[in-house]
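Position in the sequence shown (first residue = 1) + 104 = my numbering.
For the record, the hints were derived by calculation from the structure and aren't laboratory data.
We treat Cβ as the ideally placed atom computed from N, Cα and C, and that holds for glycine.
Careful: at least some of the hints might be erroneous.
As the list claims (entries may be wrong) - Within a straight-line C-alpha distance of at most 25 Å, the following computed DMTMM-like cross-link-like pairs (lysine to aspartate or glutamate) qualify:
(1) 178 x 315
(2) 148 x 254
(3) 419 x 231
What the hints assert, rightly or not - Ranges of calculated distance between the beta carbons of each label pair, as one might list FRET restraints:
(4) 446 x 413: 31 to 37 Å
(5) 332 x 659: 24 to 30 Å
(6) 238 x 548: 54 to 60 Å
(7) 259 x 371: 53 to 59 Å
(8) 131 x 678: 38 to 44 Å
(9) 228 x 268: 27 to 33 Å
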Amino acid sequence: MALRLTETQPEPARATVRPIALVVGAVLVAVIAVMTPYNEMLVKGSRLGLSSLTPAAFFLFFVLVLLINPVHRKLVPAVALTKPELLVVFAMMMVATAIPTRGVTGVMLSMISGPHYYATAENQWADLILPHTKDWIVVGPGDGLRHFYEGVPKGESAVWAVWLKPLLGWLILLLALWTTILSLMVILRRQWMERERLPYPVMQVPLAMAELDAKSVPPFFRSKAVWSGLAFPFLIGSLEALHVYFPTFPAMVFQAPRLVTLRNRVNLRLRLNPLMLGFAYLVNTRLSFSLWVFYLVHEFAQGAFDIVGIYNNEKLGPWTGSGQVDPIFSHQSMGAMLVFVGFGLWTARDHLRDVWRRALANVDDGREIVRDRTAVLGFAIGFTVLIGWMTQAGLPAWISPIVIVAALVIFLSLTRAIVDGGLATIVPAIIPLGFTLSTIGTDAIGIAGLVALCFSLVWVGDLLSFMMAPVAHAIRIAHDGERPSQAPHFPALMGAMVLSLVVSVITMIGLGHGYGAANLHQQYFQGFAKYAPDLAATKMQNPTLRNVGGWMWTGVGAVIMGALTFATYRLSWWPLHPLGYMVSPAWIMTSLWLPFLVAWGLKSIVIRAGGLRAYDRSRPIAYGVIIGQIVVAGFWLVIDIATGTTDNRIRVY
Numbered sequence: 105m106a107l108r109l110t111e112t113q114p115e116p117a118r119a120t121v122r123p124i125a126l127v128v129g130a131v132l133v134a135v136i137a138v139m140t141p142y143n144e145m146l147v148k149g150s151r152l153g154l155s156s157l158t159p160a161a162f163f164l165f166f167v168l169v170l171l172i173n174p175v176h177r178k179l180v181p182a183v184a185l186t187k188p189e190l191l192v193v194f195a196m197m198m199v200a201t202a203i204p205t206r207g208v209t210g211v212m213l214s215m216i217s218g219p220h221y222y223a224t225a226e227n228q229w230a231d232l233i234l235p236h237t238k239d240w241i242v243v244g245p246g247d248g249l250r251h252f253y254e255g256v257p258k259g260e261s262a263v264w265a266v267w268l269k270p271l272l273g274w275l276i277l278l279l280a281l282w283t284t285i286l287s288l289m290v291i292l293r294r295q296w297m298e299r300e301r302l303p304y305p306v307m308q309v310p311l312a313m314a315e316l317d318a319k320s321v322p323p324f325f326r327s328k329a330v331w332s333g334l335a336f337p338f339l340i341g342s343l344e345a346l347h348v349y350f351p352t353f354p355a356m357v358f359q360a361p362r363l364v365t366l367r368n369r370v371n372l373r374l375r376l377n378p379l380m381l382g383f384a385y386l387v388n389t390r391l392s393f394s395l396w397v398f399y400l401v402h403e404f405a406q407g408a409f410d411i412v413g414i415y416n417n418e419k420l421g422p423w424t425g426s427g428q429v430d431p432i433f434s435h436q437s438m439g440a441m442l443v444f445v446g447f448g449l450w451t452a453r454d455h456l457r458d459v460w461r462r463a464l465a466n467v468d469d470g471r472e473i474v475r476d477r478t479a480v481l482g483f484a485i486g487f488t489v490l491i492g493w494m495t496q497a498g499l500p501a502w503i504s505p506i507v508i509v510a511a512l513v514i515f516l517s518l519t520r521a522i523v524d525g526g527l528a529t530i531v532p533a534i535i536p537l538g539f540t541l542s543t544i545g546t547d548a549i550g551i552a553g554l555v556a557l558c559f560s561l562v563w564v565g566d567l568l569s570f571m572m573a574p575v576a577h578a579i580r581i582a583h584d585g586e587r588p589s590q591a592p593h594f595p596a597l598m599g600a601m602v603l604s605l606v607v608s609v610i611t612m613i614g615l616g617h618g619y620g621a622a623n624l625h626q627q628y629f630q631g632f633a634k635y636a637p638d639l640a641a642t643k644m645q646n647p648t649l650r651n652v653g654g655w656m657w658t659g660v661g662a663v664i665m666g667a668l669t670f671a672t673y674r675l676s677w678w679p680l681h682p683l684g685y686m687v688s689p690a691w692i693m694t695s696l697w698l699p700f701l702v703a704w705g706l707k708s709i710v711i712r713a714g715g716l717r718a719y720d721r722s723r724p725i726a727y728g729v730i731i732g733q734i735v736v737a738g739f740w741l742v743i744d745i746a747t748g749t750t751d752n753r754i755r756v757y
C-alpha cells in the first residue's frame with residue numbers, strides 16, 4: 105500500500121524558542137540536581153524529588169512564573185520568557201527531577217557501592233556474590249570506597265577514580281534506557297493525544313500557569329479561585345511545619361485512626377492528601393470511582409484469602425508483594441498490565457502502522473519533536489543496547505529480553521495510569537525482578553544471571569520516581585499548540601537528564617566524602633546498599649524453580665483484566681474502568697484511595713447541581729489546591745535549609 109502523504113495546506117506558525125530558555129532550563133536543572141540530594145541526605149525535609157509528579161519542578165516553575173518572569177517582563181522585556189519557552193524550561197526540570205534521589209542517583213550509588221563495603225564473613229558475599237560481579241557494575245574495595253562511606257580523613261585527599269569505570273558502565277545503560285523511553289513516547293504521542301484524547305490531568309496546572317497576556321502577572325495568579333484553593337493546603341502545611349519549630353503550636357493533620365475490620369484482616373488508612381485530592385478532582389468520575397472501589401475490593405479480597413487460607417509464599421525481593429497473600433495480587437497485577445498494554449498496542453495498530461510507513465519513507469509532517477524515522481531507530485537501538493548490556497552483565501541472552509519487555513510493560517502501564525487516571529504518584533505491585541524470579545526460576549537464570557538480575561534494582565526497582573511519566577508530560581506540553589515549538593526538544597530533554605545525572609552524582613559523592621555516606625540517609629546507604637547482594641545470596645542458598653502458582657495468578661489477572669476491558673468498551677452501562685483493578689494492589693494506594701473517594705463525591709455533587717459549567721468554574725480551585733501543597737512544602741524547605749532545621753517534612757504524595 106502506498107504511503108498517503110498529508111494534503112498540502114497552510115501550516116500554523118511554530119513558536120520559536122530562544123537559546124536563553126535552554127540556559128535558564130540548564131541552570132534550574134543544576135539547582136535541582138544539587139538541592140534534592142542535599143535535602144534528602146542532610147536536611148530530610150519535604151521530599152520534592154521523590155515522586156514521578158516531580159514536585160521540585162512544579163515549585164521552581166511557580167517561582168519562575170510568579171516572581172522572576174513578571175519582573176523581567178516589566179523591567180527587561182528582552183529576556184522575559186514566552187509561554188513556549190517557559191514550557192521548555194518546565195519540561196527540562198521535570199525530567200531532571202526524576203534522577204537525583206530515588207529515581208536514579210541515590211539508589212544507583214548505594215547499590216553499586218554496597219556489595220564490597222558490607223561484605224563480611226557472616227553474609228558470605230565475598231564467596232557467593234563478588235566473584236560474579238563485573239568491575240563496570242560495582243565499585244571495587246579500597247580507599248575510595250572507604251572515603252565515601254566513612255568520610256575523607258583529615259590530611260587525606262578524596263579518591264574519585266574508583267567511581268569512573270562503574271559509572272561509565274551504568275551511563276551506557278541509562279542513555280539506552282532514556283533513548284528508548286523518549287523514542288517510545290514520541291511514537292505513542294499522537295495515539296494518546298489525538299486519537300484517544302487522554303486528559304493528562306497533571307499537566308493542566310503548568311499549562312494554565314504558563315498562559316500570558318499583556319499584564320506582567322499571568323492570568324493564573326490573578327484568579328481568586330486559584331488563591332482560595334492554594335490557601336487551604338498552605339495553611340494546613342504551615343501549621344504542621346510550625347509545630348516542628350514550636351511544639352506547643354497546634355498541628356492540623358488530615359489523618360484519622362485506621363479503620364480495621366474483617367477479623368483484623370482489613371486495615372484501611374484514612375489520610376486525606378490535598379495534592380492528590382486536587383488531581384483526583386480533575387479525573388472523570390468513572391475513573392475516580394473505579395480507583396477507590398477496586399482498592400476496597402482488593403483489600404477485602406486479600407483479607408478473605410487470608411481467612412480462608414489461600415496463600416502464595418513466594419519471596420520475590422524488594423518492591424514486590426511479600427507475605428502469604430500479597431504475591432497473589434502482585435501476580436494478578438502483572439497479568440492485568442500485560443493485557444492493558446497489549447490491548448493498548450492493538451488499539452493503536454493503525455497508528456503504529458502509519459508511524460512505520462512514515463519512518464520507512466522518512467516523511468516529516470512537522471507534528472512531532474523528531475521525525476518518525478528517528479524515533480523508530482532510537483527505540484530499536486536503545487532496546488538492543490539494553491538487551492546487550494543485561495546479557496554482558498551475566499543474564500542469559502534469552503532472559504534479557506524478558507526483563508526489558510517486562511520493564512517497558514510496567515513503565516507504560518504506570519505512565520498510562522498517570523496521564524489518564526490522574527494518579528500523579530503510582531508504583532507497581534511487582535517489578536521485573538520478582539516477575540522473572542517467579543516465572544523462570546533461579547535454576548534457569550544461573551548464578552551470574554541471578555547477580556545481574558538483582559542489580560536491575562538500580563534502574564527498575566524503586567519506581568516511586570521513574571522517567572517515562574515526566575517524559576510523556578514533557579512531550580505533551582511541547583505540543584500545546586497544533587505543532588511543537590521550534591525548539592530542540594529531544595536534545596534538550598536528553599541534555600537535562602545527563603546534566604542532572606552528572607551534577608547529582610558529584611553532589612552525592614561529595615556529601616559522602618564530607619559526612620560519610622553511612623551517616624547520611626539510612627534507607628539508602630544502609631538499606632538499598634544491601635538489597636541486590638543480599639537477595640542474590642539468599643536465592644543462591646535457597647534456589648527455586650518456576651512457580652506454577654505465579655503463572656496461574658498472572659493468568660487470572662489477565663483474564664479478569666480482559667473481561668473488564670471488554671465490559672468497558674462494549675457495555676455502555678458498565679461503571680468500572682479496568683485501570684482501577686490494575687493498580688489496586690500497589691502499596692501507595694493505601695494513601696490515595698480516600699482522596700479519590702472524596703473527589704469523586706465532590707465532583708459528582710458539583711456536576712449534578714450545576715452541570716459542567718459549574719465544574720469548569722471550580723477547576724481553578726483544584727489547581728490552587730494542587731500547587732498550594734507543593735508550594736508550602738517548598739516554602740518551608742527553603743526556611744529549613746536557611747535555619748538548619750531537619751526532619752520537617754510536609755508530604756507531597
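Hint-by-hint comparison with the structure:
Distance restraint check for residue 178 and residue 315: the Cα-Cα separation of roughly 16 Å lies within the 25 Å cut-off, and the hinted pair is therefore satisfied. Note on residue 148 and residue 254: the hinted pairing holds, with a Cα-Cα distance of about 20 Å set against a maximum of 25 Å. Note on residue 419 and residue 231: the hinted pairing holds, with a Cα-Cα distance of about 23 Å set against a maximum of 25 Å. Under the hint 31 to 37 Å, the C-beta atoms of residue 446 and residue 413, about 33 Å apart, fit the expected range.
Residue 332 and residue 659 have their C-beta atoms about 50 Å apart, which leaves the hinted 24 to 30 Å range violated. Between residue 238 and residue 548, the C-beta spacing of about 21 Å breaks the proposed range 54 to 60 Å. Between residue 259 and residue 371 the C-beta distance comes to about 54 Å, which sits within the given range of 53 to 59 Å. The given range of 38 to 44 Å is broken by residue 131 and residue 678, whose C-beta atoms sit roughly 50 Å from each other.
Between residue 228 and residue 268, the C-beta spacing of about 29 Å keeps the proposed range 27 to 33 Å intact.
This entry does not satisfy hints 5, 6 and 8, going by the numbered hints stated previously.
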